[in-house]
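If you read the protein sequences in the order shown, they are chains Y and U.
Under the numbering used here, think of the first position of the first sequence as 4, with each following residue one higher.
Under the numbering used here, think of the first position of the second sequence as 1222, with each following residue one higher.
One or more of the hints may lead you astray.
To be verified - Just some of the chain U residues that point at chain Y, by a computed CB distance under 8 Å:
# : residue
1 : 1263
2 : 1338
3 : 1357
What the hints assert, rightly or not - Each pair of labels, with its calculated beta carbon distance range:
#  : chain 1 : residue 1 : chain 2 : residue 2 : range
4  : U       : 1365      : Y       : 90        : 50 to 60 Å
5  : Y       : 72        : U       : 1245      : 47 to 57 Å
6  : U       : 1308      : Y       : 66        : 21 to 31 Å
7  : Y       : 124       : U       : 1372      : 41 to 51 Å
8  : U       : 1280      : Y       : 112       : 39 to 49 Å
9  : U       : 1378      : Y       : 73        : 26 to 36 Å
10 : U       : 1245      : Y       : 91        : 40 to 50 Å
11 : U       : 1364      : Y       : 66        : 31 to 41 Å
12 : U       : 1361      : Y       : 84        : 36 to 46 Å
Simulated from the structure, these hints should not be mistaken for laboratory data.
Ideal Cβ positions, reconstructed from N, Cα and C, are used throughout, including at glycine.
The lines below spell out each chain.
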Amino acid sequence: MDDLPAPADANPYAAPEVEETILAPVADDGPLITPQTVLLMRQTAPWVFFLSVVGFLFTGLFGVGMLMNFLLGALVFRFNLGDMIGMAITVTVFLAAGAVSTLLLRYGLRVLRFLSRRTAAELCAALQVQRTLSWVAALGYLLVLGLLTTLIVVQARTPPIID
Amino acid sequence: MQDFNPYAEQAASTGPVEDSSRRAAPSVLIPPLRQSRPWCYVLSITGLLSAAFVLLGMISMLLVLGWFVGRGGFRANVAPLLIVLLVYSPLCIALAIPSLLLWRFARRIARFLRRPDNQQLETALKAQRTFWRWSGLLVLALIGIYLVLAMLVFVAPMQ
């Protein structure tokens, strides 16, 4: 190493620079977060944001479609049980999609905060949002499936209307 | 002492390896992952059931349409069969693959809960990353396929 020529503008008395790699753990107020954990969360974040954007777009388009459907449907609405369940399904899908998209965005933001601080507390906060996301998505999905089953049963029992 | 050979090759140390991935993971991470696990199973099972229903629906529609086309319906054109196949098979795949990945994530969480070290945490987070990545890719593919299909069905006949 001694026979390497020093650069002309190098200051031999300068303090040595710490090579701060982006993946090095910086947490000093809690248990160790491994670089692999940070890397995995970093690779997760873009997909979460992408799905959130797609979710918001879907929610917006679905909302517009729902409103138009309700406005046009009001002309021929009979307000029977089948129609009401159909409305409930549409509103549930709209609300569930909106909630899931919002939670996806929150999860992505929490992951970003974890990536900047790299503490166990921040990772915990991110995983808590993911937990909320999973139960909201599961309940929304179960609710829609339940309403769809009810609609099928109701429609099967209702005699056809002949005008 | 006669068996003692001072020139024998030294046995490799089998003591604990100092590796950060073998160290205990932060305990604060256990509750959120534990509470996520059952919901991941619920979502996975409902997703797989939905995929099975979509597959059943597709097969029954193909059978009915095939019978109809076979008897000379739609001027014996197989385009409706192709459309059904192109609409429902991507949907079935887009439901089944994330559900299986979510199941794997839930199993990895269970393994982490049994042995809460950094290695198991990383394995669980890797399963989670795979789930989100595949979900994103499948959503992209689904959007692409449906856009092309919409163009083929609605735009192409106008020209």
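Outcome of the hint check:
1. 1263: With a minimum Cβ separation of about 4 Å from chain Y (threshold 8 Å), the hint on residue 1263 of chain U holds.
2. 1338: Hint violated; residue 1338 of chain U Cβ to chain Y Cβ min 10 Å, cut 8 Å.
3. 1357: 4 Å, holds
4. U:1365 with Y:90: 50 to 60 Å: 32 Å, violated
5. Y:72 with U:1245: 47 to 57 Å: Given about 54 Å between the Cβ atoms, the range holds.
6. U:1308 with Y:66: 21 to 31 Å: 23 Å, holds
7. Y:124 with U:1372: 41 to 51 Å: Since the Cβ atoms of residue 124 of chain Y and residue 1372 of chain U sit about 49 Å apart, the hinted range of 41 to 51 Å holds.
8. U:1280 with Y:112: 39 to 49 Å: Hint holds: Cβ distance 43 Å, inside 39 to 49 Å.
9. U:1378 with Y:73: 26 to 36 Å: 30 Å, holds
10. U:1245 with Y:91: 40 to 50 Å: For residue 91 of chain Y against residue 1245 of chain U, whose Cβ atoms are near 48 Å apart, the range 40 to 50 Å holds.
11. U:1364 with Y:66: 31 to 41 Å: 18 Å, violated
12. U:1361 with Y:84: 36 to 46 Å: 39 Å, holds
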